[in-house]
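Peer 1: With chain A held as given, fit chain B onto it using these hints.
Taken in order, these protein sequences are the chains called A and B. Mapping of the first sequence onto the working numbering: residues 1 to 302, in sequence order. Mapping of the second sequence onto the working numbering: residues 1 to 233, in sequence order.
Errors might be hidden in some of the hints.
Unchecked claim - Capping the alpha-carbon separation at 30 Å, the derived lysine-lysine pairs in DSBU-like fashion look like this:
#1 B:Lys56 - A:Lys97
#2 B:Lys56 - B:Lys212
#3 B:Lys212 - B:Lys30
#4 B:Lys59 - A:Lys97
#5 B:Lys56 - B:Lys74
#6 B:Lys30 - B:Lys56
#7 B:Lys212 - A:Lys177
#8 B:Lys211 - B:Lys74
#9 B:Lys212 - B:Lys182
#10 A:Lys150 - A:Lys97
#11 B:Lys182 - A:Lys97
#12 B:Lys56 - B:Lys182
It should be emphasised that the hints constitute simulated quantities derived from the structure, not laboratory data. On a predicted model such as this, the values are computed, not experimentally measured, just so you know.
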Amino acid sequence: MVELIVYGIVLGSIIALGSVGLTLIWGITDLFNCAHGDQITVGAYLALLFSGLLSRIGPLSNPVGPFSFSWGLLLSFIPAIIVSIGLAVLVDRLVYKRMRRTGAHFITAFIASIGVAWALRGFIYIIWGADFHFYSEGLRGMVFLPAGIKLRIDEIFIMIVAWGSVAAVYLFLGRTKTGKALRALADNPNLARVSGINVERMLIWAWGLAGLLVAVAGILYGIETQLRPEMGWIFLLPLFAAVILGGKGSITGALAGGLVMGLAQQVSTLFLVPTYKPAVAFIIMILVLIFRPKGIFGRRSA
Amino acid sequence: MSKLRIENVVSGYGSMDVLHQLSLEVEEGKIVTLLGPNGAGKTTVLRTIFGVLSPKEGKIFYNGEDITGLQPEKVARLGMSYVPQEENIFAALTVQENLEMGAFTREDDFRQRMEEVFEFFPDLTGRRTSRAGDLSGGMRQMLAIGRALMLNPEMLLLDEPSTGLAPFLVEQIFERIQALNKQGVTVFLVEQNAQALSCADSAYILEGGEKKAEGTAQELMNDEEIGRVYLGR
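Next up, chain A with everything else stripped away, as it sits in the complex (with noise of 0.2 Å):
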């Protein structure tokens, strides 16, 4: 019980990473994004192909420590992030930009995203092809915390990497005039265009840190399990899951119901086959649709 728990927050970590990007955008454009999914699996094969790339320099080929990935692995979270921020950026002057300028129904654009998603997967089948990847070959080395906890050191760095990106999230959100600005826009559009501020300018940042989280959230879930071009599609689910439980625009709710998603799943596992896992992410996904629509912490409750 208690390893699931924490297994649980090693997956809730990673989805919470993935979720606040998409309810910033969501709450700002009205644009449930279904490419975001596909957006982390880029973001995992970018690490793969510039890992690859510094590893042919010899001393980064070499494992990082005690854990299974490479320094090479550790040093292209860098490039991988920018190349993710600035395909984020792309993908929305491009696509969705155009859409808001001629007043496109969300649901367009919803369907637009889709096609996007597909567009990305497609990319990676063309280059990377169906078959798994993995970061390393190497062994992975378990590590034993008390409470009989048996964790696999890379876990550790996942939840260190993971929680330390989230912490910089929301400070950046909390504390600052651009991250206050965020928030106020994906509560409450119409009056922040009333005060001032400037949606266009507002939506680069809010694609770009979508990008950067993407990125990370990827790579992470690529070292906990392994690379392959459907893996976004199928962590798009307790994304959506995580976010609608958050209510929408809701960074905190975000965070939270990521938390809450990976604490159901592994938890669940107690009692159902773990095939079924993903099942429970949709269930309290409706659940949360028919008794609470706003969210646990959606905007205008009353």
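Peer 2: What follows is chain B alone, placed relative to chain A:
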């Protein structure tokens, strides 16, 4: 001198026109109220002035300058602030963050202004770090106006600030609006509540997107027919 003038404005949503050739004027330094029943198009007037909606016909002048079709984020920089009727606070942000967002376009140090706003609405002072969504109706309205005051506006557009408030709170809000006006702020007050006449200098009556009457607040208050038909007397 007219602070704000709208001329023959036609505006609405999609192919539906709500305002039909409407002309209004707000004189500098005054409180002008726009009264009318539900669905008269009052909110549409404010949304069109502030650029949330673009008029299909007609012109809008602010300080003698043509601002027709200007985006709201630009209008906010001209010294005019708008307090919408609904969803007029950032519910997920704290009280203080709401005021900071009101000052978003300011590059200078606005802390002193924030203290002035807290002095103006002392009830908010103890709630600085509360989530705005947790405030009571009266406090929300004060915060909504407070946010709009952060830019030291020359002119304030208010959409039914009395909605859903108990009578003593309505009086308190109207009293605050008059106090603002004494500080030199021109006020355009949209209301359904005829009590607004008691604090206004002049008034317009709007119905079906058309101007039905205009005059000083005194004249309209004393006009029996207007009282009967539009003000529920």
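Peer 1: Holds or violated: Lys59 of chain B with Lys97 of chain A, Cα cutoff 30 Å?
Peer 2: It holds: about 29 Å lies between the C-alpha atoms, which stays within 30 Å.
Peer 1: Check whether the Cα positions of Lys212 of chain B and Lys182 of chain B lie no farther apart than 30 Å.
Peer 2: The given pair, whose Cα atoms are some 29 Å apart, holds under the 30 Å limit.
Peer 1: Taking only the CA atoms, is the gap from Lys30 of chain B to Lys56 of chain B under or equal to 30 Å?
Peer 2: 28 Å, holds
Peer 1: Would the pair Lys212 of chain B and Lys177 of chain A pass a check requiring their Cα atoms to be no farther apart than 30 Å?
Peer 2: 45 Å, violated
Peer 1: Please verify whether Lys212 of chain B and Lys30 of chain B have alpha carbons no more than 30 Å apart.
Peer 2: 21 Å, holds
Peer 1: Given the hinted pair Lys56 of chain B and Lys74 of chain B, is their alpha-carbon gap at most 30 Å?
Peer 2: Cα-Cα ~19 Å, so holds.
Peer 1: Does Lys211 of chain B pair with Lys74 of chain B here, judged by a C-alpha cut-off of 30 Å?
Peer 2: Between Lys211 of chain B and Lys74 of chain B the Cα gap is close to 28 Å, so the pair holds against 30 Å.
Peer 1: Hint check: Lys150 of chain A vs Lys97 of chain A, CA-CA at most 30 Å. Holds or violated?
Peer 2: 47 Å, violated
Peer 1: Are the Cα positions of Lys182 of chain B and Lys97 of chain A separated by 30 Å at most?
Peer 2: 44 Å, violated
Peer 1: Given the proposed pairing of Lys56 of chain B with Lys182 of chain B, does the C-alpha separation stay at or below 30 Å?
Peer 2: 35 Å, violated
Peer 1: For the pair supplied as a hint, Lys56 of chain B and Lys212 of chain B, is the alpha-carbon distance within the 30 Å limit?
Peer 2: The hint holds at about 21 Å.
Peer 1: Can you confirm whether the C-alpha distance between Lys56 of chain B and Lys97 of chain A stays at or below 30 Å?
Peer 2: 24 Å, holds
In summary, the structure is inconsistent with hints 7, 10, 11 and 12 from the numbered list given earlier, while agreeing with the others.
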